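K.L.:
Below are the chains, spelled out letter by letter.
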Amino acid sequence: MAFVPLPDVVGTSLAGKGMTISETENRALCESVGDVPAADGTAHPVWFYVASQVGMGPSVAEMCAICDFDVNDGPMMASTGGHFHAPLMVGQRYEVTGEITGLTRKQSRKLGVMDLLEYKLHLDLPDGTRVCSVDNAWVLPRGRDDEA
Amino acid sequence: MKPEIGAELAPYRIESVDPDTMKAWAPILRDPNPIHLNRDAVRAAGLGDRRINQGPINLAYIVTMLHRAFPGAFIEDIRNRFTDNAYEGESLEARATVTGAEDVGGRTRITLDFTLNSDERAAVISGSAALLLPETTPS
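Respectively, the protein sequence lines represent chains A and B. Residues in the first sequence are numbered consecutively from 25, following our numbering. Residues in the second sequence are numbered consecutively from 1344, following our numbering.
Treat the hints with caution; some may be incorrect.
[As the list claims (entries may be wrong)] Label pairs and their calculated CB-CB ranges:
1) 86(A) - 1443(B): 34 to 44 Å
2) 55(A) - 1415(B): 17 to 27 Å
3) 167(A) - 1446(B): 47 to 57 Å
4) 150(A) - 1479(B): 29 to 39 Å
5) 129(A) - 1477(B): 38 to 48 Å
[What the hints assert, rightly or not] Calculated lysine-lysine pairs in the DSSO-like style (CA-CA distance at most 30 Å, straight line):
6) 41(A) - 1366(B)
7) 134(A) - 1366(B)
8) 144(A) - 1366(B)
9) 130(A) - 144(A)
10) 41(A) - 144(A)
11) 134(A) - 144(A)
For the record, the hints were derived by calculation from the structure and aren't laboratory data. Remember, predicted model here, so these are calculated numbers, not experimental data. The beta carbon of each residue, even a glycine, is placed where N, CA and C say it ideally should be.
Produce the complete structure using the sequences and hints provided.
P.N.:
Structure representation (structure tokens):
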């Protein structure tokens, strides 16, 4: 049995509904990792990942499905990065745009055959001002040759 | 005062990765991936017997260390590779080393390399960050 063919997904838009970082969730997030919510309304920086991921068009499960991958098979984050032009703020609405930039099949000693999914997202103010750009990569394990 | 290149930040230690934190982050992340919530799902995926911390939590530990070392700093850039999983019950330690420091319009920008290390294994994440330190008030 062969592995599912690598789908042609580069360029797929990930633009979505956007997100507003709530004070309650920011507080919960900060306190869960031993941090203190900023008094000036600045959101925890790791929201670059959370807000862009939550506010993009497809859910994690749907993005996996776009890549012909079942989310129940355990996708794993490979890398993430955020570049900030300004701090993210609690209570501020952010629009999310972006696209899939790569889907590459690789062989892993640990995981067997895997696909590396790469995509870029942006967090913008409603007037279009760019606040943050995000680069993400996920591993989609496909299984071992002797399991396929 | 401008940090010295090569200076190490005070480590931030997590004595035990808490599965309740994973449970709390699942709705924040809107991520139902069962490897963070269900040991059977971890076993089924061939990833061991313990629930796996969501990657952004591991990165947030790094941010906690940076915030404690440089209160009020603006994180301009932060990026990392997830090199291994962090499992429930593990002890972790965030560490960072200053790799650069420069004056930028009266403020100091520093760059750092960081890792989050497991006591049981090697680094679970590694990466770099650039921070703009707050303006200092002349004394």
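K.L.:
Given the hinted pair residue 130(A) and residue 144(A), is their Cα-Cα distance within 30 Å?
P.N.:
Holds, at about 20 Å.
K.L.:
Tell me if the straight-line CA distance from residue 134(A) to residue 144(A) falls inside 30 Å.
P.N.:
Within the cut-off at roughly 26 Å; holds.
K.L.:
Within a Cα-Cα threshold of 30 Å, do residue 134(A) and residue 1366(B) meet the stated pairing?
P.N.:
27 Å, holds
K.L.:
Does the beta carbon distance between residue 55(A) and residue 1415(B) stay inside 17 to 27 Å, or does it fall outside?
P.N.:
Given about 19 Å between the Cβ atoms, the range holds.
K.L.:
Sort out whether residue 1366(B) lies within 30 Å of residue 41(A), counting only the CA atoms.
P.N.:
24 Å, holds
K.L.:
Look at the Cβ atoms of residue 150(A) and residue 1479(B) and judge whether their distance stays inside 29 to 39 Å.
P.N.:
Taking Cβ atoms as reference, residue 150(A) and residue 1479(B) lie about 35 Å apart, which means the hint holds.
K.L.:
Can the suggested window of 34 to 44 Å be confirmed for the beta-carbon pair residue 86(A) and residue 1443(B)?
P.N.:
Taking Cβ atoms as reference, residue 86(A) and residue 1443(B) lie about 40 Å apart, which means the hint holds.
K.L.:
Please work out if residue 144(A) and residue 1366(B) have their alpha carbons no farther apart than 30 Å.
P.N.:
Status holds; Cα separation ~27 Å.
K.L.:
For the pair supplied as a hint, residue 41(A) and residue 144(A), is the alpha-carbon distance within the 30 Å limit?
P.N.:
Distance ~16 Å between residue 41(A) and residue 144(A) Cα, so the pair holds.
K.L.:
CB of residue 167(A) to CB of residue 1446(B), is that within 47 to 57 Å?
P.N.:
53 Å, holds
K.L.:
Against the range 38 to 48 Å, how does the distance between the Cβ atoms of residue 129(A) and residue 1477(B) compare: consistent or not?
P.N.:
Between residue 129(A) and residue 1477(B), where Cβ atoms are some 46 Å apart, the hint holds.
Consistency with the previously given hints is maintained throughout, with no hint failing.
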